[in-house]
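Knowing the structure of chain A, use the given hints to seat chain B on it.
The listed protein sequences derive, respectively, from chains A and B. At position 175 of the first sequence the residue is numbered 306 (the numbering used here), and the sequence of numbers has no breaks. At position 333 of the second sequence the residue is numbered 464 (the numbering used here), and the sequence of numbers has no breaks.
One or more of the hints may lead you astray.
Any copy will do: because identical chains look the same in the list, a pair fits if it lies in one copy or spans two.
The list that follows gives simulated cross-link-like pairs (lysine-lysine, DSBU-like), each with its CA atoms no further than 30 Å apart [stated by the list, open to error]:
1) 293 / 142
2) 241 / 143
3) 372 / 143
4) 293 / 163
Derived by calculation from the structure, the hints in this document are not laboratory data.
Protein chains: 2
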Amino acid sequence: MNQERIGKVLKKTEADALLLCDPSAIFYLTGKTFSPGERFLGLLLNKEDRPKLFLNALFPYEPDEGLDVIVYSDTDVYTELLRPHLNPDWVLGVDKDLPACFLLPILKQKLVRDCVDGSLPVDQTRAIKDEEELRRMRRSSQINDEAMGIFKTLIKEGVTEKEVASQIPEIYKSLGAVSNSFEPIVAFGRNAADPHHMPDDTLLKEGDAVLFDVGCIYEDYCSDMTRTFFYKKGPTPEQRKIYELVKKANEDAEASIKAGVRLCDIDSVARNVIEKGGYGPYFTHRLGHFIGTQVHEYGDVSQSFTVPAEAGNTFSIEPGIYYPEILGCRIEDLVIVTEDGCEVLNHYPHDIEIIG
Amino acid sequence: MNQERIGKVLKKTEADALLLCDPSAIFYLTGKTFSPGERFLGLLLNKEDRPKLFLNALFPYEPDEGLDVIVYSDTDVYTELLRPHLNPDWVLGVDKDLPACFLLPILKQKLVRDCVDGSLPVDQTRAIKDEEELRRMRRSSQINDEAMGIFKTLIKEGVTEKEVASQIPEIYKSLGAVSNSFEPIVAFGRNAADPHHMPDDTLLKEGDAVLFDVGCIYEDYCSDMTRTFFYKKGPTPEQRKIYELVKKANEDAEASIKAGVRLCDIDSVARNVIEKGGYGPYFTHRLGHFIGTQVHEYGDVSQSFTVPAEAGNTFSIEPGIYYPEILGCRIEDLVIVTEDGCEVLNHYPHDIEIIG
Numbered sequence: 132m133n134q135e136r137i138g139k140v141l142k143k144t145e146a147d148a149l150l151l152c153d154p155s156a157i158f159y160l161t162g163k164t165f166s167p168g169e170r171f172l173g174l175l176l177n178k179e180d181r182p183k184l185f186l187n188a189l190f191p192y193e194p195d196e197g198l199d200v201i202v203y204s205d206t207d208v209y210t211e212l213l214r215p216h217l218n219p220d221w222v223l224g225v226d227k228d229l230p231a232c233f234l235l236p237i238l239k240q241k242l243v244r245d246c247v248d249g250s251l252p253v254d255q256t257r258a259i260k261d262e263e264e265l266r267r268m269r270r271s272s273q274i275n276d277e278a279m280g281i282f283k284t285l286i287k288e289g290v291t292e293k294e295v296a297s298q299i300p301e302i303y304k305s306l307g308a309v310s311n312s313f314e315p316i317v318a319f320g321r322n323a324a325d326p327h328h329m330p331d332d333t334l335l336k337e338g339d340a341v342l343f344d345v346g347c348i349y350e351d352y353c354s355d356m357t358r359t360f361f362y363k364k365g366p367t368p369e370q371r372k373i374y375e376l377v378k379k380a381n382e383d384a385e386a387s388i389k390a391g392v393r394l395c396d397i398d399s400v401a402r403n404v405i406e407k408g409g410y411g412p413y414f415t416h417r418l419g420h421f422i423g424t425q426v427h428e429y430g431d432v433s434q435s436f437t438v439p440a441e442a443g444n445t446f447s448i449e450p451g452i453y454y455p456e457i458l459g460c461r462i463e464d465l466v467i468v469t470e471d472g473c474e475v476l477n478h479y480p481h482d483i484e485i486i487g
Numbered sequence: 132m133n134q135e136r137i138g139k140v141l142k143k144t145e146a147d148a149l150l151l152c153d154p155s156a157i158f159y160l161t162g163k164t165f166s167p168g169e170r171f172l173g174l175l176l177n178k179e180d181r182p183k184l185f186l187n188a189l190f191p192y193e194p195d196e197g198l199d200v201i202v203y204s205d206t207d208v209y210t211e212l213l214r215p216h217l218n219p220d221w222v223l224g225v226d227k228d229l230p231a232c233f234l235l236p237i238l239k240q241k242l243v244r245d246c247v248d249g250s251l252p253v254d255q256t257r258a259i260k261d262e263e264e265l266r267r268m269r270r271s272s273q274i275n276d277e278a279m280g281i282f283k284t285l286i287k288e289g290v291t292e293k294e295v296a297s298q299i300p301e302i303y304k305s306l307g308a309v310s311n312s313f314e315p316i317v318a319f320g321r322n323a324a325d326p327h328h329m330p331d332d333t334l335l336k337e338g339d340a341v342l343f344d345v346g347c348i349y350e351d352y353c354s355d356m357t358r359t360f361f362y363k364k365g366p367t368p369e370q371r372k373i374y375e376l377v378k379k380a381n382e383d384a385e386a387s388i389k390a391g392v393r394l395c396d397i398d399s400v401a402r403n404v405i406e407k408g409g410y411g412p413y414f415t416h417r418l419g420h421f422i423g424t425q426v427h428e429y430g431d432v433s434q435s436f437t438v439p440a441e442a443g444n445t446f447s448i449e450p451g452i453y454y455p456e457i458l459g460c461r462i463e464d465l466v467i468v469t470e471d472g473c474e475v476l477n478h479y480p481h482d483i484e485i486i487g
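Just chain A, with the same shape it has in the complex:
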């Protein structure tokens, strides 16, 4: 149990109680990991009482002094399980991920007066990493930097994207990571111009762009980095122009970060660079996303997030230009926001690099 984090969350909520179900939020607050599948898992927090965890009997757990565990079986009735612990006068903040099959019965049977989305206090607390979390974030990205140096050596005549991607998990493990943090993206040539491309049987050919969007998990914390290489042949003049724009967008955005600067304004810095360069319509996504124990945590570096960055925020800066006929290119780092700037966690160079 992390009483300090629970205290911070409860201080931020206006609801009478919170019912969380996201295993990553529950891990953040209790230190316990569960993979409940389709079965109900709930952590009930309120200011007046001890935290309560609803857990199916199938899942083992280590008892914890600070937590009451209510174990149920597959034959128990869900609403009867919750009823004694809720209050018809309450406004209940529910996890933003609480599935309809668990939310609708609470509403229909009026187990509480009303339900509201209650995740924001948790998300806002999670968004500011403490020192121990930052240590892990740094190490995770350090491993990712080292790994990138190895991944590029896999790029050889005749390989396919899938063949390269399939070697990535073991390389991470050999460097001390637990696993990759998401399915690695390896994209050759035109495929690099699809931001969500999944590795397929595309064969590498001379002159291809080679994009790696990869990350690992170290002590529960994720890294995430993208680099775009050129295979055997340097970029054409237009490719160079695109690459340098993306690089400038990345670096100008990173230079603009400090506590108090709005996330949307960081996004604008990168977006303006690319728009002024004439490629605005080809930068089709947000500039970045928050990250921690999950690759995508609450918080975007985008036009829709108008809140200021805070010291301890960790997010990606990943501008890209996706121009299928010419080049698909993305350069992504993770950063930690500080009071007077930011700490860039990735040190693998941004410069044009010809490999193979």
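Chain B in isolation, oriented as in the chain A frame:
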């Protein structure tokens, strides 16, 4: 688009329209695969109008004559996206998995009169596989049978569970599967008595039970099978008693299956065998789960499912006894329900087998 399946679903629902979000349900009805992450993905079905898909601009799709696609961007407002396509007089059936952050705004802004859990018509339709689905289910389990014959050869002096488990994905691929259908469970000795054990660094030792709970994906359809072996030394008399009880529970349950028999009664057959044998408290889970494009689909073979089995249902039969001091043992097959019995998809023998 699969108009026939959509027709069946709409015929079964009493809601005015259905808003589905589960990617596997959307795949079942449209043939299209999406991995939207935290972004909204919705398939809106109603009797009066063409199906509509709400899709973030980030995700590419192949246009389809039978489907209107409403593409939105990260800066669009969710409720304004939905409003023109909903009706304040409707009762909207929502996906059982629709997250609270997408359900609550529909309710608060009264985009419809009421929301109910609308997944049952989809789940009931999916639960009855057609011939093409059954062909894939058979082949997926055939590969799983072959694979089990290979997995047991990995059991050698000095290996750990993790080392064995890490080789499983490649073996499936070599046999023509796309991947494993879930993280393989490999459990040695006492670990076999934890039904949800994940492979760790436990070293194999003589006399250990060796449990494999494994499955693969073939043309989108999953297999799932468990066998429990003995390493180098045959079972003790009590281990043999437990093993034979589990085997009898499996085989008696399978013999009891045919269309019209209630799922809870199939569960009872296995449960009675184990209870009569004196190990009732050590069989701690349902007898089986439905399976198809997902390893766990809607439908259980358990005391709480009192509906009759129907021809075309595919589910697991997986009794187990988990007695940490003596033996953890599970024997699991997949079956297809037929009018006069069932087709057991796994042919790997049930008999006690000493390996290594």
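Checking against the hints above, which ones are violated?
1 and 3
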